[in-house]
Amino acid sequence: MAQRKSLEALNRTLQDLHDKTNVMGGVLLMLSGDFRQTPPVISKSTLADEISACLKKSVIWEQVKIIKLTTNTRAQILGDEKAQEFSENLLQIGEGTYAIDENTGEITLTKPFTFKRLQSPAKWAYSTIINKAQGQTLQYCGVDLRSHALHSANYTAHAHE
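Note that the UniProt record's numbering gives residue 107 to position 107 of the sequence shown, counting from 1, and the numbers run on in steps of one.
No lab work stands behind these hints, which were simulated from the structure alone. A virtual CB, placed ideally from N, CA and C, is assigned to each residue, including glycine. Careful, some of the hints might be misleading.
Pairs of lysine to aspartate or glutamate, EDC-like flavour, derived with a Cα cap of 20 Å [unchecked claim]:
id : residue 1 : residue 2
1  : Lys-111   : Asp-80
2  : Lys-65    : Asp-34
3  : Lys-68    : Asp-34
4  : Lys-57    : Glu-88
5  : Lys-68    : Glu-88
6  : Lys-57    : Glu-8
7  : Lys-5     : Glu-50
8  : Lys-5     : Asp-16
9  : Lys-57    : Glu-95
10 : Lys-57    : Glu-81
11 : Lys-82    : Asp-16
12 : Lys-5     : Glu-62
13 : Lys-68    : Asp-49
14 : Lys-20    : Glu-8
15 : Lys-65    : Glu-95
16 : Lys-56    : Asp-34
17 : Lys-65    : Glu-8
18 : Lys-20    : Glu-81
19 : Lys-56    : Glu-95
20 : Lys-56    : Asp-101
21 : Lys-65    : Glu-81
22 : Lys-111   : Glu-81
23 : Lys-68    : Glu-50
24 : Lys-111   : Glu-88
Simulated restraints, written as ranges between beta carbons of each label pair [as the list claims (entries may be wrong)]:
id : residue 1 : residue 2 : range
25 : Gly-26    : Lys-82    : 44 to 50 Å
26 : Met-30    : Ala-99    : 16 to 22 Å
27 : Lys-56    : Asp-80    : 18 to 24 Å
Modelling step: build the complete structure from the supplied sequences, incorporating the hints.
Right, dumping it as structure tokens:
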């Protein structure tokens, strides 16, 4: 997630470019995602630093209109009640409304579920996503460019050689 200072800098830039004083210079900006998943990354920071850097701490946040998706359409279309229930449990955990055991501080799922491995690679490897890889230096990196779905991955992978 971007730090609030980045959003505030964008606000000032758009105001200057459009010569308007209203938020974002009158430009409609749409942000999407789950803000619980990617908090601001600040090296050698405290929890207070990270909270202070969140978008929600920006004065611009008061102008934000939040629209929440409330239906898991994929699970609904497939008619998969277990998938729907599981996604609701994940949302409750993310919102902090799921029951937590006061003795252990852990979340206890009330309904059993099964983890199933669909493949077993000959040699274990681990992958990372761009949200977790930013700022890291990797000695070796493999990028699969056979699919054209993410043509920008080539640029991203080679940007800091």
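Straight-line alpha-carbon gap Lys-68 to Asp-34, limit 20 Å: 10 Å, holds
Starting from Lys-65, check that the Cα of Asp-34 is at most 20 Å away, please. 15 Å, holds
Just to be careful, I want the Cα atoms of Lys-68 and Glu-50 compared with a cutoff of 20 Å; is the pair within it? 24 Å, violated
With a cut-off of 20 Å on the C-alpha distance, tell me whether Lys-111 and Asp-80 pass. 16 Å, holds
Has the given pair, Lys-82 with Asp-16, been kept, meaning a C-alpha gap of at most 20 Å? 51 Å, violated
Is the Cα-Cα distance between Lys-57 and Glu-8 20 Å or less? 11 Å, holds
Between Lys-56 and Asp-101, does the CA-CA distance stay at or below 20 Å? Distance of about 29 Å is beyond 20 Å: violated.
For a C-alpha distance cap of 20 Å, please report whether Lys-5 and Asp-16 respect it. Holds, at about 16 Å.
Take the C-beta atom of Gly-26 and the C-beta atom of Lys-82, compute their distance, and say whether it sits inside 44 to 50 Å. 46 Å, holds
Hint check: Lys-5 vs Glu-62, CA-CA at most 20 Å. Holds or violated? 15 Å, holds
Restraint status (C-alpha distance of Lys-56 to Asp-34 at most 20 Å): Holds. Lys-56 to Asp-34 sits at ~13 Å (cutoff 20 Å).
Quick one, are Lys-68 and Asp-49 close enough, alpha carbons at most 20 Å? The hint is violated at about 27 Å.
Violation of the numbered hints given earlier is confined to hints 4, 10, 11, 13, 18, 20, 21, 23, 26, 27; the remaining hints are satisfied by the structure.
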